[in-house]
Amino acid sequence: MTVLRADTEAPEPALVAATYKAALQAYVVTGNEEDLSSAYDCARLALRAGVSIGEVGELHFRAAQHLRSAPLARAQVTARIEEFFLETISVYDMALHGYGESVARLTAEVQERKRVEEELRDVTFELAQQRDLLDQQVKDRTAQLRSRLEELRMVNSQLQQTNQEQAQFSYAISHDLKSPVNTLMMMLDLLEADHREVLDAEGRELLDAARATTRRMAHMVQDVLRYARLVGQEAEVEMVGLTPLCQTVLADLRAETQKAGAEIRIDPLPVVRGVASQLHSLFLNLLSNAVKFRHPTRPCRIEVKAVPPVGCVAEIHVCDNGIGIDPAYQQRIFSLFQRLHTYEEYSGSGIGLTLCQRIAGYHHGDIRVSSTPGEGACFIIRLWVEES
Amino acid sequence: MALRRVMIVDDDRFDQLAYKRILRKSDETIEVVSFQYATEALDYLKTEGRAELDAILLDINMPRMNGFEFLEAACRDLQERFERELVVMVTTSLDPRDRERAAGFSQVQAFFSKPLTAENISSISALVAKKQA
Chain W
1 MTVLRADTEA PEPALVAATY KAALQAYVVT GNEEDLSSAY DCARLALRAG
51 VSIGEVGELH FRAAQHLRSA PLARAQVTAR IEEFFLETIS VYDMALHGYG
101 ESVARLTAEV QERKRVEEEL RDVTFELAQQ RDLLDQQVKD RTAQLRSRLE
151 ELRMVNSQLQ QTNQEQAQFS YAISHDLKSP VNTLMMMLDL LEADHREVLD
201 AEGRELLDAA RATTRRMAHM VQDVLRYARL VGQEAEVEMV GLTPLCQTVL
251 ADLRAETQKA GAEIRIDPLP VVRGVASQLH SLFLNLLSNA VKFRHPTRPC
301 RIEVKAVPPV GCVAEIHVCD NGIGIDPAYQ QRIFSLFQRL HTYEEYSGSG
351 IGLTLCQRIA GYHHGDIRVS STPGEGACFI IRLWVEES
Chain C
1001 MALRRVMIVD DDRFDQLAYK RILRKSDETI EVVSFQYATE ALDYLKTEGR
1051 AELDAILLDI NMPRMNGFEF LEAACRDLQE RFERELVVMV TTSLDPRDRE
1101 RAAGFSQVQA FFSKPLTAEN ISSISALVAK KQA
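The listed protein sequences derive, respectively, from chains W and C. Each residue of the first sequence is one higher than the last, beginning at 1 in the working numbering. Each residue of the second sequence is one higher than the last, beginning at 1001 in the working numbering.
If you're looking for bench data, these hints aren't it; they were derived computationally from the structure. Careful, some of the hints might be misleading.
A few chain C residues facing chain W, derived, Cβ under 10 Å [what the hints assert, rightly or not]: (1) R1013; (2) A1018; (3) Q1036.
Yeah, the Cβ is synthetic: ideal placement off N, Cα and C, and Gly gets one too.
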C-alpha cells in the first residue's frame, strides 16, 4: 500500500486510482479493521487530488469490477466492497458537508464583514461629513463672533475716543478760560478798590454785578474742569475706608461747617473697593450741599451712616434736616446744569449732583434722594450693585 | 411807542438789570414786571384782573421751570387767555433745536440772543404795533 505524506503536492489522479484499487483489494482480502481505515487515507488523497465525488464513484467501480472476478465468496466480497466505498464516501460526505457549511458560514461571514465594513465606511464617511460640517459651523461662528467682536471693539474704541476727546476738549476750554476769568476778576477788584468813589449808584451796582458774575464764572469753570477730569481719568481701584475718607472731607469743609454751625456725625462706614479721589469728591459734594441747603432757622444737623446693603456691597445715607427738595424736582437735580434756585439764593454750577451720579455709576452703583420739603433730604448711595 | 408794559422772566438778576437798562433807554416810561422764577411768572399770569402785557421776554434755562415748560404750562392752564400774548425768547442757547421748539408755539414771535440790543427792542415794538393794529 502506498502512503502519500507529501501534503503540499497534489497527487496525480492515476496514483489515486492505483492506491484506491490496492487498498480496496487489501480490505476485501483481509477484512481487517486496519485495512478498512485506509479508505479514509484514500479519500483524503482523492480530495487533495481534486477528484470529484462522481469520479470517486467511477474509480471505485473500476477497482471493484476487477475484484469481482476474483475467486472469493461472492456475498462477502460485495459486502466488503460496499463497506470500503461507504467509508471513502463518508469522508467525502464529511468534507463536502463541512465544506458546504463553511462556505455558507464563510459567505455569511464575508457578507457580514462586508456589511460591517460598508457600515463602518458609511459611518466614518458620515462622521467625517459631520466633523467637516461642525468644523465649518465652528469656523463660521468663530468668524462671525470675531467680526462682531471687531465691530464692538471698534465702536468701543470710537466711543472711548469720542469721550476722551470731549473730556480733553472740555478740559482745554475750561483750563484756558480759567486764566482770563481770573484776570477779569482781578481787574474788577482793582476797579472796586481804587475807583468805587467816582462811580454813581448805577455804576456801583453794575460793578457789583460784574464782580458777582465773574466769580460765578470762575466757579463754573472750576467745576467743569473737575467734571472733565473725572470723565477723562484712568482711575485706580483700591480698597477705600469710607470713615477716614469722610473725615478728610470734613476737614476740607471745616470753614463752611463752622460758619453754618453745622453738626455732622459720621457713623462707622465700610471699606469698599473704589477710586479714592472720586469717592472723596462724591462725599464732598453731598456734605457741602447738605450744609449749603440748611434750614434758615433750625440748627444744621447732618448724618452719614451705612445701612445693611441689599443687592449691593454698600449702601450709605447722607441725611440732613435742611430745606428739602420738592418731589417734582427730585429727578431733575441729577441732570447737568440743572438748578432749583437763583444764584443770589444759592450759588452753584448745577454740576455737583451730576458728578455724584457719575461717580456712583463708575462704582456700579446709583444715587437717589428721598426728601420731604421743609424737613430735610436724604441722599442714598449704593455701590457695586449686583447685576440682576 | 406801542411798548408800554413788559414782563421779564429770567433767573439772572444781572441779566434783568441789562433788560431794564436797554428798555428804559428806548423809552423811560416802559413799565416792567419781572420774575426770577417762571413758576412765579405763571402765577402772576393767572391773577384775575391783572393789567394787560404788551410782551413777555422769556429766558430758556432757568431753575425749577424752564422757558419751554413755562410756555407749555401757560398754554395748558390759561388756554385762550394766553393765546393772545406776545412772547420773545431771549437766551444764550446756541442749540438750534431750541429755536425750532420755540417756533412750535404761536405766541413766540421772535428769538433773540443775549444781550438784547436797541435794534431788538425796536423789532419787538414793531411786532407789538402790528398785533395792536
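Violated hints - listed by number, lowest first:
Those not satisfied: there are none.
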